[in-house]
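Engineer: Top to bottom, those sequences are chains Z and B. Start counting the first sequence at 1; every next residue gets the next number (the numbering used here). Start counting the second sequence at 1001; every next residue gets the next number (the numbering used here).
Treat the hints with caution; some may be incorrect.
[Claimed, not checked] Straight line, CA to CA, 20 Å or less: simulated PhoX-like cross-link-like pairs of lysine-lysine:
{"no.": "1", "chain 1": "B", "residue 1": "Lys1125", "chain 2": "Z", "residue 2": "Lys163"}
{"no.": "2", "chain 1": "B", "residue 1": "Lys1034", "chain 2": "B", "residue 2": "Lys1187"}
{"no.": "3", "chain 1": "B", "residue 1": "Lys1187", "chain 2": "B", "residue 2": "Lys1198"}
{"no.": "4", "chain 1": "B", "residue 1": "Lys1044", "chain 2": "B", "residue 2": "Lys1027"}
{"no.": "5", "chain 1": "Z", "residue 1": "Lys163", "chain 2": "B", "residue 2": "Lys1124"}
{"no.": "6", "chain 1": "B", "residue 1": "Lys1028", "chain 2": "B", "residue 2": "Lys1080"}
{"no.": "7", "chain 1": "B", "residue 1": "Lys1091", "chain 2": "B", "residue 2": "Lys1122"}
{"no.": "8", "chain 1": "B", "residue 1": "Lys1091", "chain 2": "B", "residue 2": "Lys1080"}
{"no.": "9", "chain 1": "Z", "residue 1": "Lys163", "chain 2": "B", "residue 2": "Lys1122"}
These aren't lab readings, by the way, just hints derived from the structure by calculation. The model shown is predicted, which means the values in this text are computed figures rather than measured ones.
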Amino acid sequence: MSRNDDNWLLRVRNLTKIYGEPNDKTLSLTGPLFNSNICPETDSIVACAEIDFDLYPGEVLGIVGESGSGKSTVVKLLYFDMEKTLGGAWLRPYTNGLSNILEESNQKKRFIRNNLMGMVYQNPRDGLNFRFSSGGNIAEKLIMAGQMHVGDIRARASDLLNKTEVPVQRMDDRPSSFSGGMQQRVQISKAIANNPPLLFLDEVTTGLDVSVQARVLDLIRELQQDLGIAMIVVSHDLSVIRMLTDRTLVMKDGRIVESGLTDQILQDPQHAYSQLLVSSLL
Amino acid sequence: MNILEVNDLSKVFHLYILNNKKIEALKKINFTMKEGEIIGLTGKSGSGKSSLMKCIYRTYLASSGEIIYASAAGKIDLVKANDHVIIELRKNEITYCSQFLSVIPRVPAVDVVCENLFRVEKDKKAAREMAKDMLENLGLPFELWDAFPVTFSGGEQQRINVARAIIAGPRFLLIDEPTASLDQRTKDVVIDLILNLKKNGTSVLCISHDEYTLERLVDRRIALFQGEIEQVEIETDQIETN
Chain Z
1 MSRNDDNWLL
11 RVRNLTKIYG
21 EPNDKTLSLT
31 GPLFNSNICP
41 ETDSIVACAE
51 IDFDLYPGEV
61 LGIVGESGSG
71 KSTVVKLLYF
81 DMEKTLGGAW
91 LRPYTNGLSN
101 ILEESNQKKR
111 FIRNNLMGMV
121 YQNPRDGLNF
131 RFSSGGNIAE
141 KLIMAGQMHV
151 GDIRARASDL
161 LNKTEVPVQR
171 MDDRPSSFSG
181 GMQQRVQISK
191 AIANNPPLLF
201 LDEVTTGLDV
211 SVQARVLDLI
221 RELQQDLGIA
231 MIVVSHDLSV
241 IRMLTDRTLV
251 MKDGRIVESG
261 LTDQILQDPQ
271 HAYSQLLVSS
281 LL
Chain B
1001 MNILEVNDLS
1011 KVFHLYILNN
1021 KKIEALKKIN
1031 FTMKEGEIIG
1041 LTGKSGSGKS
1051 SLMKCIYRTY
1061 LASSGEIIYA
1071 SAAGKIDLVK
1081 ANDHVIIELR
1091 KNEITYCSQF
1101 LSVIPRVPAV
1111 DVVCENLFRV
1121 EKDKKAAREM
1131 AKDMLENLGL
1141 PFELWDAFPV
1151 TFSGGEQQRI
1161 NVARAIIAGP
1171 RFLLIDEPTA
1181 SLDQRTKDVV
1191 IDLILNLKKN
1201 GTSVLCISHD
1211 EYTLERLVDR
1221 RIALFQGEIE
1231 QVEIETDQIE
1241 TN
């Protein structure tokens, strides 16, 4: 089983984001042991620190933790929505994993983002342009990745809307006239438009009612099964994590306190905080 | 060849949120299992049967000892193997069938059963046909095939659960109370399906309280008592006390 040592799709090492002016004690004075992510000496805020993990092709990794634990920061750093303070990420389909994508030029970052990654945000307004039609939103992503032919773009857009069960006759309507669940499905269509090997999902079912939630989860699961996309699923909802993920990272105060197989995290949590989390939510 | 060698396996739960309480679930468990063998795990509730099974599947992290599994690619200690190795084994070789069905809402029964099959069989139609045959065999009413299992009765859910676990013919099957809450006819169907897997080389570790199931299904039994092995049956009529 040696393939497991070097077959990663995404490798993340020492990923760290600090707001403010940290000093050399900031990292050692914050974290779960101190129950805080605010440095007592400098007041700088450690959003996340020392994050290490490998994601394998087709794997679904969950990140759980309470609000403010840093879980969204991790995916936002990886999707270049924020600038990292320290650390690196390597993506296999880009330069065969040899260059740290977080230190690439903006132009290269745009290429990576448009061709190799997709992101679905909790709020559809963050992922969709509400001035464009739903089809236009998907077209935007395709054009950014270099597609030019209008007929091809429309065909691909209607194909994606079909797949995500958005009525194709509404392709030219703006997402503002859609329900929340439908907006979320348009956002998913846009995120997977270029067949990215890696998809980030940040609290995608939060705020949706249960039947719509089930439909979105079902869609994500189906996309994973059919297209084999690797995913990072950020959620504070343990049932979402249980249904979608193979492996889970538990975060608290900006750090990973435990990582393991999802069923192990849920049934035999090792860290005091994971035990608290699991016992309060099941 | 041994498919499984369990050496000095112990499991202690360390509950930080209950004033650091420690619960000893398994104490120095030792046994081996031959390839193609069906072992019945018996013992009262709370004796550690499910804990042992979950340690093997890695839902529980063992506290000490080793679990050497002879995978198709060589021997692996399931206690220490990294998560990705375990994920691969779960996809390709080891299946766990719990007592309770846990599914995504809104997925029809047939697709739930196909879950493991879709990974290897890309032709979804063919996979669904296989699943339907199995559900028919298990006597699940035709009207329920496309319904959502969350709403099913206990016995119906159990049949979905068993069908899902065995349809792809795992190399090693961990199965917890496969025949509880089933009627006699369905019990026999489930037993026959598992015996059929054995014919194709599957090794099975099976928890059961049901004397009829044990009598028909297993090659030998291991009895647990308070987290320890009380009795190991070596062969059908030769009993060794531990």
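Engineer: Take the hints in turn and mark each one as holding or not.
Structural biologist: Hint by hint, here is what the structure shows:
no., hint, verdict
1, B:Lys1125 to Z:Lys163, "18 Å, holds"
2, B:Lys1034 to B:Lys1187, "25 Å, violated"
3, B:Lys1187 to B:Lys1198, "17 Å, holds"
4, B:Lys1044 to B:Lys1027, "16 Å, holds"
5, Z:Lys163 to B:Lys1124, "16 Å, holds"
6, B:Lys1028 to B:Lys1080, "17 Å, holds"
7, B:Lys1091 to B:Lys1122, "15 Å, holds"
8, B:Lys1091 to B:Lys1080, "18 Å, holds"
9, Z:Lys163 to B:Lys1122, "18 Å, holds"
Against the hints set out earlier in the document, a violation occurs for number 2 only.
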